[in-house]
Amino acid sequence: MTNNASKCPSGSRAQIEFYGRIMANVSHEFNNIITVISELAGLLKDLSLAARKGRPVPNEKWESLSDSISKQVARGKHIIAHMNRFSHSSDEPRAQVDLGQALENVRVLTDRLFKNRQTNLSLSGSLEGISLSTDPFELRRILFACLDRFLDGAATEVTVVAKRQEDGGKTELEISGPVSIAAEDLAGQIDVLTEQARAIGSQLFFEQNGNQIRIRLVLPSNRE
Amino acid sequence: MEKSLKVLIVDDEVDLSATLVERLAIRGFDAAAVETGSQALDRVQHDDFDIVVLDIKLKGEDGVDVMRRIKRIKQNLPVVLLTGHMSKESSEEGLRAGAIDYIIKPIDIEDLIVKLRQAAALK
Chain A
1 MTNNASKCPS GSRAQIEFYG RIMANVSHEF NNIITVISEL AGLLKDLSLA
51 ARKGRPVPNE KWESLSDSIS KQVARGKHII AHMNRFSHSS DEPRAQVDLG
101 QALENVRVLT DRLFKNRQTN LSLSGSLEGI SLSTDPFELR RILFACLDRF
151 LDGAATEVTV VAKRQEDGGK TELEISGPVS IAAEDLAGQI DVLTEQARAI
201 GSQLFFEQNG NQIRIRLVLP SNRE
Chain B
225 MEKSLKVLIV DDEVDLSATL VERLAIRGFD AAAVETGSQA LDRVQHDDFD
275 IVVLDIKLKG EDGVDVMRRI KRIKQNLPVV LLTGHMSKES SEEGLRAGAI
325 DYIIKPIDIE DLIVKLRQAA ALK
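As they're listed, the protein sequences go chains A and B. Numbering of the first sequence is given in the numbering used here, commencing with residue 1 and proceeding in unit increments. Numbering of the second sequence is given in the numbering used here, commencing with residue 225 and proceeding in unit increments.
Just so you know, the hints here were simulated from the structure itself, not pulled from any lab data. Some clues are possibly wrong.
[Said to hold, decoys possible] Derived, one-sided and incomplete: chain A residues facing chain B with beta-carbon distance under 10 Å:
hint, residue
1, K115
2, L121
3, S124
[To be verified] No more than 20 Å apart at the CA atoms, straight line, and that leaves these computed lysine to aspartate or glutamate pairs for DMTMM-like:
hint, chain 1, residue 1, chain 2, residue 2
4, A, K71, B, D236
5, B, K281, B, D254
6, A, K45, B, D335
7, B, K283, A, E63
8, A, K71, B, D239
9, B, K283, A, E29
10, B, K227, B, E246
11, A, K45, B, E334
12, B, K281, A, D152
13, B, K298, B, D272
14, B, K227, B, D272
15, B, K227, B, D271
16, A, K77, B, D239
17, A, K115, B, D289
18, A, K45, B, D332
19, B, K283, A, D67
20, B, K283, A, E157
21, B, K283, A, D111
22, B, K283, B, E259
23, A, K77, A, D67
24, B, K298, B, D335
25, A, K45, A, E29
26, A, K77, A, D111
27, A, K71, B, D289
28, A, K45, B, D271
29, A, K53, B, E246
Every residue, glycine too, gets a C-beta built ideally from N, C-alpha and C.
Bound conformation, chain B alone (with noise of 0.2 Å):
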């Protein structure tokens, strides 16, 4: 049997995190998700994800930080960044920073499928 693609889920709008984990779990991704930037690397450093998606603008912290954060953890964990307010400066910015994708809120769920494969495909 097909191992699932463990996903966490960075974003302080809580309801839309457990919507998310809810819908890629039915799609068979075993998803989970925090609210901060903190709980994310505590959750990178003892779980073993296959991708984080992280919102850019989490509350009191820059997504793009909290990313290079998570890399000097693990390196090659793949991130794709959650924006609702897509500059190109900031998407620049993160995909510079390491990030392989990003997508626009609002989320497409089969757009972010086709991302999570690819990036997890890269591993």
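Looking at chain A on its own, in the form it has when it is part of the complex (with noise of 0.2 Å):
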């Protein structure tokens, strides 16, 4: 069998990694939410087969069950909007894109990786009005590399910080949490990231200090 992916560039070849992982994610997702309507069908069609044999079915039971799918069809939405809006940050080398849009747009796309590894993901600072010039997919794409580094099953708690710099229109990302990734690999890791900031005109910045690491991506940006 012939790998076509392997005689990609090694840009081309992280892309699709990154690209797969997201489709990867957000169907498991998708399968998940059928899986629950397909059983709540069935449990429809298990009461309306009852009720016609002669055992009532309270009306708060149809309601509740009617509640459970609008639940789930609301779920699938929401990703449905975000995988669209991701899909489109391939359309244009060059857009404006709002900082916090895209982070969001990242966060919910991956929620459930940090959920399998019950890591919760917290932003403070706002981002809110911030947008800058750059590549809408390879600005994702180093958001999430910056994110997965702490999906190593050692973090309960990852903070994301915004901060603006007055001087010189930059903001700030400033990720932190524990590691348990050996220092050698790492330190390969920190230096693939930094080429990648560099690609979209950023700058990264790293410190580690025992199994804790801080990742600060400085962005050139606007504010509205």
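Got two chains here, each in a separate frame; can you build the complex from them with the hints?
Structure below.
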């Protein structure tokens, strides 16, 4: 079998891997939603058959099942909206991107990865009105790449602090939490991240104190 | 009167497990549901279940690892795995670790019932 992906230049390969992780995560989430709806539909059928046989089903039960289905549909619609936004992020190599929306987009589409590791992701500081002219897809890729450093199972809490640098029109995202990865492996990953940041005109700084790491991503930005 | 089979469902999708409990009850099973591995271990230790239906991917936990811990408490308790992403590796690992079968989500209730009856017969 020919592995076409392995023939791609390294940048393209990394982009495909990022897209693949998002797709895998989203498809898993959709399968969960479909499974719940499928069981709810099955229960509706079970109860309607029972009602036909003379076993009354209270109105509240129908209403509660309808509410449960609506809840799953809303969950699916939320993911579809974010998936659509993510898909369109590769439309243009450069566009004005709302930083808060891009971060939220990545957070929603990777939410299950954090929940599976019981890692809470919290954001402090406001990103409201902060935008930058950049590659929208690559911005999402580096945001996820930074967060991904904390998905090795060590972190229960990862914090993202947004800070506006008053001089020079830059916004800094400081992402911190514990990791369990070996120092030499981490150093290699940080080198890759630094290159990625440079490619979108940003800077990346890294500090380690024991098992705690702090990544500072400094992005050129405008405030509306 | 035939005794109802006692089934423990372990899944962090609460709406799914609650609905499965109701559907199994309609079909004559005595089903209960929990969300986490530690809740499952507690229930297995204190109750007399005939079979466990366990999601392979619980939040923050590996379902196969939870199954191994269940087997340490009750070695002969049959476990059927639920999976939404059935890779060959995870199914084989689950079967090697002692699961008697697996079900791929979305669930076919009639298929689940056949597997529950087969599993209970092995106990």
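*asked:* Would the hint linking B:K283 and A:E63 be met if the CA-CA limit is 20 Å?
replied: Outside the cut-off at roughly 29 Å; violated.
*asked:* For a C-alpha distance cap of 20 Å, please report whether B:K227 and B:D271 respect it.
replied: Judged against 20 Å, a Cα distance of about 15 Å means the pair holds.
*Please verify that hint: A:S124, Cβ, nearest Cβ of chain B, below 10 Å or not.*
Violated, because the Cβ-Cβ distance from A:S124 to chain B comes to roughly 24 Å (cut-off 10 Å).
*Does B:D332 lie within 20 Å of A:K45 when you go C-alpha to C-alpha?*
holds (14 Å)
*Are the Cα atoms of B:K298 and B:D335 separated by 20 Å or less?*
Given pair B:K298, B:D335 is violated - Cα atoms ~25 Å apart, limit 20 Å.
*Mind checking the CB of A:L121 against every CB in chain B and telling me if the closest is under 10 Å?*
violated (14 Å)
*Given hint A:D152 paired with B:K281 - CA-CA distance at most 20 Å*: holds (16 Å)
*Starting from A:K77, check that the Cα of B:D239 is at most 20 Å away, please.*
holds (18 Å)
*Does B:K283 pair with A:E29 here, judged by a C-alpha cut-off of 20 Å?*
The given pair, whose Cα atoms are some 13 Å apart, holds under the 20 Å limit.
*Is the straight-line distance between the alpha-carbon of B:K283 and that of A:D67 20 Å or less?*
violated (24 Å)
_Proposed proximity, B:D254 with B:K281 (alpha carbon, max 20 Å)_ = violated (24 Å)
*Is A:K71 within 20 Å of B:D239, Cα to Cα?*
holds (10 Å)
Hint violations for this structure: numbers 2, 3, 5, 7, 19, 24, 25, 27 and 28, all remaining hints satisfied.
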